[in-house]
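Trainee: Make the full structure from the sequences, and use the hints.
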Amino acid sequence: SQQGEEDPQALSIQEGENATMNCSYKTSINNLQWYRQNSGRGLVHLILIRSNEREKHSGRLRVTLDTSKKSSSLLITASRAADTASYFCATGSTSGTYKYIFGTGTRLKVLA
Amino acid sequence: DTGVSQDPRHKITKRGQNVTFRCDPISEHNRLYWYRQTLGQGPEFLTYFQNEAQLEKSRLLSDRFSAERPKGSFSTLEIQRTEQGDSAMYLCASSLSGRAWNEQFFGPGTRLTVL
Chain A
3 SQQGEEDPQA LSIQEGENAT MNCSYKTSIN NLQWYRQNSG RGLVHLILIR
53 SNEREKHSGR LRVTLDTSKK SSSLLITASR AADTASYFCA TGSTSGTYKY
103 IFGTGTRLKV LA
Chain B
372 DTGVSQDPRH KITKRGQNVT FRCDPISEHN RLYWYRQTLG QGPEFLTYFQ
422 NEAQLEKSRL LSDRFSAERP KGSFSTLEIQ RTEQGDSAMY LCASSLSGRA
472 WNEQFFGPGT RLTVL
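Protein sequences, first through last, are from chains A and B. The opening residue of the first sequence carries number 3 in our numbering; numbering runs sequentially from there. The opening residue of the second sequence carries number 372 in our numbering; numbering runs sequentially from there.
Careful, some of the hints might be misleading.
[As the list claims (entries may be wrong)] Computed list of chain B residues with no C-beta within reach of chain A, every gap over 12 Å:
1. Lys-382
2. Tyr-404
3. Ser-437
4. Ser-444
5. Gln-451
6. Met-460
7. Ser-466
8. Asn-473
[To be verified] Computed list of lysine to aspartate or glutamate pairs in EDC-like fashion (alpha-carbon distance at most 16 Å, straight line):
9. A:Lys-111 / A:Asp-85
10. A:Lys-101 / B:Glu-449
11. A:Lys-101 / B:Glu-474
12. A:Lys-28 / A:Glu-57
13. A:Lys-71 / A:Glu-57
14. A:Lys-101 / B:Glu-415
15. B:Lys-382 / B:Glu-427
16. B:Lys-442 / B:Glu-399
17. B:Lys-382 / B:Glu-474
Rather than coming from a laboratory, the hints here were simulated on the basis of the structure. C-beta atoms are modelled at their ideal positions from N, C-alpha and C, and glycine is treated no differently.
Mentor: Below, the structure is given as structure tokens:
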């Protein structure tokens with residue numbers, strides 16, 4: 003079963019614009035990670051944010067985490083056509099297990 | 372290539388047949404995960420190993436599914452008596468354990484089609 007949901011399910015923007023996608027989850031977490039998946043391929047890790055962190059940056063990516071609202075957002079600035087992919091959040095819980103639970107994903111399309 | 376590899380990349384089988392998939396993780400990674408992904412959905416956790424020990428199995432993993440990691444290196448996932456509902460992409464990932472959570476490195480997946 004999925005831990006939570008990404009919002010929106012699909013997003014279409016012009017190259018150069020910013021893209022924001024959100025992830026909501028249900029249980030207490032130790033960390034939250036964002037992954038990208040190009041069509042029909044494996045997932046690529048983008049960024050990890052721990053539960054005691056509120057914001058993290060990596061290149062054109064900015065991730066925020068609000069544990070009180072059980073939500074996270076991923077911002078991609080100055081988007082490029084190559085950013086076209088599905089983006090998933092994955093949560094690691096505090097319950098002593100090291101399994102990851104993925105969300106339902108946001109399909110991003112960046113138009114050139 | 373020192374990434375995670377999976378074999379085969381595609382498998383077409385008839386309902387009722389058994390299939391086995393293999394995953395070779397990154398060599399120094401001691402955690403290995405199996406996921407199933409259907410079209411338009413996120414990966415669903417199936418099971419994970421730390422070294423050779425299978426530490427957790429999802430309720431999705433019915434008794435027709437079995438996974439092994441006999442020497443703590445490669446892993447196999449077997450599905451017995453396949454059903455059409457088993458058609459999906461099966462993803463393997465590995466990570467390095469420690470006191471902290473670490474990123475997972477995913478393989479390209481095995482796409483299973485059950486006719």
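Trainee: All hints are to be evaluated individually against the structure, with a verdict given for each.
Mentor: How the hints compare with the structure:
1. Lys-382: Since the minimum Cβ distance to chain A is about 15 Å, Lys-382 of chain B lies beyond 12 Å and the statement holds.
2. Tyr-404: violated (7 Å)
3. Ser-437: Holds, since 18 Å exceeds 12 Å.
4. Ser-444: Per Cβ check, Ser-444 of chain B is outside 12 Å of chain A; nearest 18 Å; holds.
5. Gln-451: holds (23 Å)
6. Met-460: violated (8 Å)
7. Ser-466: Ser-466 of chain B not clear of chain A: closest Cβ-Cβ about 8 Å, inside 12 Å.
8. Asn-473: About 8 Å separates Asn-473 of chain B from the closest Cβ of chain A, which leaves it inside 12 Å; violated.
9. A:Lys-111 / A:Asp-85: holds (8 Å)
10. A:Lys-101 / B:Glu-449: violated (20 Å)
11. A:Lys-101 / B:Glu-474: The given pair, whose Cα atoms are some 12 Å apart, holds under the 16 Å limit.
12. A:Lys-28 / A:Glu-57: The hint is violated at about 20 Å.
13. A:Lys-71 / A:Glu-57: Within the cut-off at roughly 14 Å; holds.
14. A:Lys-101 / B:Glu-415: Given pair Lys-101 of chain A, Glu-415 of chain B holds - Cα atoms ~10 Å apart, limit 16 Å.
15. B:Lys-382 / B:Glu-427: violated (26 Å)
16. B:Lys-442 / B:Glu-399: Holds, because 13 Å separates the two Cα atoms, which is no more than 16 Å.
17. B:Lys-382 / B:Glu-474: Measuring from Cα to Cα gives roughly 28 Å; hence the hint is violated.
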